[in-house]
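Undergrad: Listed below are the residues making up each chain.
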Amino acid sequence: MARPSGPPRESPLSVQAVPVTSGRAPEGLTAADRKRMLRVMLLSRALDERGMTLQRQGRIGFYVPVEGQEGAQVGCAVALDPKDWLCPGYRETAVALSRGIPLRQLLSQLYGDRADLCQGRQMPNHFAFREFRFVSASSPIGTQIPHAVGLALAARLKGEKVVSVAFFGDGATSSNDFHSGMNFAGVYRAPVIFFCQNNQWAISLPRSKQTRSETLAQKAEAYGFSGLQVDGNDVEAVYAAVKEARARAIAGGGPTLIEAVTYRMGPHTTSDDPRRYRSAEELALWKSRDPVERLKETLVREHALTEEEFDQFLEAARAEVAAAIQEVEPLPPPDPGTLFDDVFARRTPQLEEQRAAFLAELPGSGGRKE
Amino acid sequence: MARPSGPPRESPLSVQAVPVTSGRAPEGLTAADRKRMLRVMLLSRALDERGMTLQRQGRIGFYVPVEGQEGAQVGCAVALDPKDWLCPGYRETAVALSRGIPLRQLLSQLYGDRADLCQGRQMPNHFAFREFRFVSASSPIGTQIPHAVGLALAARLKGEKVVSVAFFGDGATSSNDFHSGMNFAGVYRAPVIFFCQNNQWAISLPRSKQTRSETLAQKAEAYGFSGLQVDGNDVEAVYAAVKEARARAIAGGGPTLIEAVTYRMGPHTTSDDPRRYRSAEELALWKSRDPVERLKETLVREHALTEEEFDQFLEAARAEVAAAIQEVEPLPPPDPGTLFDDVFARRTPQLEEQRAAFLAELPGSGGRKE
Amino acid sequence: MTELTLIQGVNQALREAMKADPDVVLLGEDIGVNGGVFRATEGLLKEFGEDRVMDTPLNESGIVGTAVGMALYGLKPVAEIQFLDFIYPAFDQIVSELAKLRYRSGGQFPCHVVLRAPYGGGIKGGLYHSQSTEQLFASIPGLKVVVPSTPADAKGLLLSSIFDEDPVLFLEPKRIYRSLPGEVPDGDHRVPLGTARVAREGSDVSVFAYGAMVPVAQQACQGLDAQGIHAELIDLRSLVPLDEAALLRSVEKTGRAVIVHEAPRFCGYGAEIAALLAEKALYSLKAPVVRVTGYDTPFPYALEHLYLPSVDRVSRAIERTVRAA
Amino acid sequence: MTELTLIQGVNQALREAMKADPDVVLLGEDIGVNGGVFRATEGLLKEFGEDRVMDTPLNESGIVGTAVGMALYGLKPVAEIQFLDFIYPAFDQIVSELAKLRYRSGGQFPCHVVLRAPYGGGIKGGLYHSQSTEQLFASIPGLKVVVPSTPADAKGLLLSSIFDEDPVLFLEPKRIYRSLPGEVPDGDHRVPLGTARVAREGSDVSVFAYGAMVPVAQQACQGLDAQGIHAELIDLRSLVPLDEAALLRSVEKTGRAVIVHEAPRFCGYGAEIAALLAEKALYSLKAPVVRVTGYDTPFPYALEHLYLPSVDRVSRAIERTVRAA
Ligand SMILES: Cc1ncc(C[n+]2csc(CCOP(=O)(O)OP(=O)(O)O)c2C)c(N)n1
Ligand SMILES: Cc1ncc(C[n+]2csc(CCOP(=O)(O)OP(=O)(O)O)c2C)c(N)n1
Ligand SMILES: [Mg+2]
Ligand SMILES: [Mg+2]
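Chains as they are written, first to last, in our numbering: chain A, 1 to 370; chain B, 1 to 370; chain C, 1 to 325; chain D, 1 to 325.
Chain A extracted, bound-state conformation (with noise of 0.2 Å):
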């Protein structure tokens, strides 16, 4: 009999203690970068203030807010190549900015307007944006986990130098999906990196009850390879880490997991009401180690921000967002016989008749179909 993995360790903290990082910046990442950085997170705060907003005002129908991992988000999209493949869930609103994906598209989705490159066909947030490699993000959880190891495949097969990376959350450690694609990453040793966001909360659910492993890291060894966990708040130490995970890959070195230790600040989403299961305390704790606030406060004691600059920032940002409401507010949805469109390549003649009568029936089409 061997390898008793050891008793069960239950941590005395709800929520999970944050790992200590280096602190240093990590190598190729200048303070010019660090601001850039800084500015995509502001850029995402400013929107994430706006769209609750608009969602309360009934201007579009449902929000969901990044606030809190904005670090963990930026941190690794700039870490990667702008080839690299992304599989993003419906929180990866930053991930989007910092890839340099137009606001006013980021917009129109939110809208569900005719300038919608998904035609107005999924609920906010749930972006996709084929040119950035910024595949379709739904809303069952854990799914586009297995997609990123075949996207991973795929681009190693025909010999591409790319990784991709898919995007999840604490609560999608327990789907069913983040099993079979850890695990087939695992054995075809797929340039992926498993980018887990552990913001403490699935909807109601703390991480604690969400599994009993100590760490969501250590869940790697349950597929043969690396696991690390990193404090998601710190942007420079998940750039790092990611940094790392993607030379491996490139490496032929095989997948990573990356667990970045970070917080939802908001409510899940706009229909969500989380004072009903946590408390204002642990709220307040994870608001002193708010990520946006960590990297200026490093920036301003490198002497390479200035308190006013910030506010310049911040103050562009939300211009920024503004003006790009402004713009994309006024579009129409989209055309109501595109409902028919996308199903397959080309509609099927059932398509094709249901498309029809639905434009005789439409309002102002001139009159009912008999």
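Quick caveat, the hints were computed from the structure, so don't treat them as lab data.
Glycine residues also receive a C-beta, built at the ideal position from the N, C-alpha and C atoms.
Since no wrong hints were added, every one of them can be taken at face value.
Heads up, incomplete: computed chain C residues facing chain A, CB under 10 Å, no partners named:
hint: 1; residue: Asn34
hint: 2; residue: Tyr88
hint: 3; residue: Asp296
hint: 4; residue: Pro298
Since the structure of chain A is provided, determine the placement of chains B, C and D with the ligands on it from the hints.
TA: Leaving out everything else, chains B, C and D with the ligands in the frame of chain A:
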């Protein structure tokens, strides 16, 4: 950044090395006990011999042999309480025999005859014996794993001091339900034992290609509880491991994953030809580790068994199987009308209607129904 | 009698069942501390404790698989699937295990689990918070499928489902969770499974609907009265087993049929209703059977209001059917 | 032309496709070294190597999810599901991802995967090696569903599926994998999706079947010739998109319809065919539509021969339909 779990490890062996076990008889297991275990193992083997032949002769439709895994199955079953719940797969014949399920009932299931408790509804070896808490086996891999968790939680809620045991193979560790069941068990500290018979193959896929984790036992770490690897061909080691896991579960210490390292010496089922995917050398190596031979040798070495006695045991087992076959073979198939029973607790009007039409149309029912 | 919303009817049924029978246990995502994302389980954790109201990890096959195990022991688990759209990770457990255990074991292992799932459109939920896929489950032998459309039926059908002997998928039309309160009998109110409800009598055409399409069809029927069209509205409510007799009785009377559901048309549940009529009521039919349904596309977001059968669309279909031939 | 079995037709299509296009890759359980449990992929690992013929771990959602990822990149993955009965762990990937990616992304992410799965009864496979659940997939917008019944169609439809632009579930009737060899065109033989095949012309009644029920229905039809009953047999073969025109044309001619499939009747695929007739051909129908199907029970083992539609049952149903009214 913390806890890199180390680089991926590759095993130089295509088939896993067998871990060392203690060798001494576990507490509470007398020579008489071990002889009883040997007899059950021999009964299983005798049934396998005939089962394979009956299928080739077209007397039964299909057969799933246990050969090679009797040590793991009997060692486990004997360590349990008769009230513990068993959630088997399709290869748990020796578990069933060990629990005292009459050979005749097993054979009736293989024949799918009128005395079959399952009414001839399942393929051979998919047993179900409510009276023995031997839950109905199905073909889809892994589905029984969360059932064991539910049974364990139910028993605990009702204050019954029992455990449940999920039986499954190395291939099943890749299934979604392995992940679900393991995670739920960890979270609720369910009194359950996950008994994995790593028989090195999932049809034609070797263990090394099923997952890159070094052992299957270490997968428990992903769920925050103990996993251990045991020599599955050493019936006493298995017994000890299961006893310990059971005691921990009953004491509230939560679940255990046991990886019993063993070997499927026969084909996957009567539909399979293992020569397509594995070598004669490998088979020979594992034949030299035959759990029956191993127990026999130990007992002979301890002067608790003679060669003659062993031969008598084997003959007795064969005779028992032959007698049961003779008894069962003449039994008629299930009554056709039973086709419509047990879909629901009571037949719906639709099922009554279909049944009436069916009976009226049956050859020999007195003619067509128009 | 108390005036309740549909979701309150659900909540009351759960509470009644748990009070009456210690074997009733609940499990699901966010059902405990949070009281369910739609508040179906509000207050139950406090009242019955976490052994009987279990917040689960995010895994539907774990939820259903664990519930199956509990049922094998003899408990009466009621599992919540947060949205029907998220039931698919549990599909194997439902199709291969839950629905087949009694049959394959020759009746030795009945497996009585209730799966509750909010379903349907009308809440701007887009592709994954709107779908109606009842046909998937209705086609699986061994599973009952129930859909209430009123608060009283929500309570009465759920209590019957919990104390039934077979597995039941209980679909809750989330669009009318709160919008249409109604009188609900107090106490142990039961509505038998397998019976349709005549929501409105009529002589000219039979309209078949369920869930959130019942009030839509109701409104359409009322509007047509003025035109002298008297439609009979049947709320199917028990999709499996189907009350075939009620259905045939109505069409034999009216000779015309309109079927309304939110799900896409092709191979939807309405196909079975139409097929039954083509098989068993052909000689009564005076006009083609008409299905008013969602279109054969995934569920859209921005154009949801054009996708779902509206009062207007249903009215026109009824009119057309009555005027035909 | 070469005489091949149906499974050889499948094997040949896979080989042709892989030779023609380096983007075609195969994945599945036991498909490499073992050549597939039914030998559909025999010889392909050797010919194309393990990067293009991938033996996978035992996990269907991994298989389909990985294939989806490959397709998003632009490859043309063909995944084998060992038995249709084991597809359910992948159901979420199929319903939520594969079928919806193109739609939800506004056409940005087409996702062309072929899923091959042996299906159906007749091999004494019991509950879990026999099921026909095509209706589950046919009801999901965005997914094509194809079922060959001859070796030539197996090859021609599979090649068309692999080079189609949409996801296709390709169901292989395993019962006739080897039993009915036939002539198969060599080379790049394609049969367009969306077209039914008139297997036999006739004037008295239209019989609709697919998969292993085609030869059963064929035999039934032949037997009835002697009685002066001339049945037309339509092999639907493309369940989605359905060749509705062919179906209606036939019933407009014959005025009678018998639908044959192995799956249970209730909410089976045949319901859609019957519904279409009730909607669009009611005035042509001279007799009730009849469905000859499996019963509404799980698939049995010992009594399989009584469960499946037989030549005799189909014959009687045709006779009854022709004699009706
Ligand atoms: C399969 C599935 N089940 C349930 C849900 C409902 N749901 C939406 S988000 C969520 C929690 C997700 O938590 P996590 O993975 O930690 O991501 P986070 O929202 O915290 O970013 C749940 C349960 C879903 N979307 N998909
Ligand atoms: C979900 C599912 N996929 C595929 C199969 C086909 N299949 C039957 S047994 C088997 C291998 C099982 O291997 P393992 O779990 O190691 O058990 P063993 O047969 O070795 O005892 C496979 C792939 C199945 N039964 N269920
Ligand atoms: Mg989370
Ligand atoms: Mg095995």
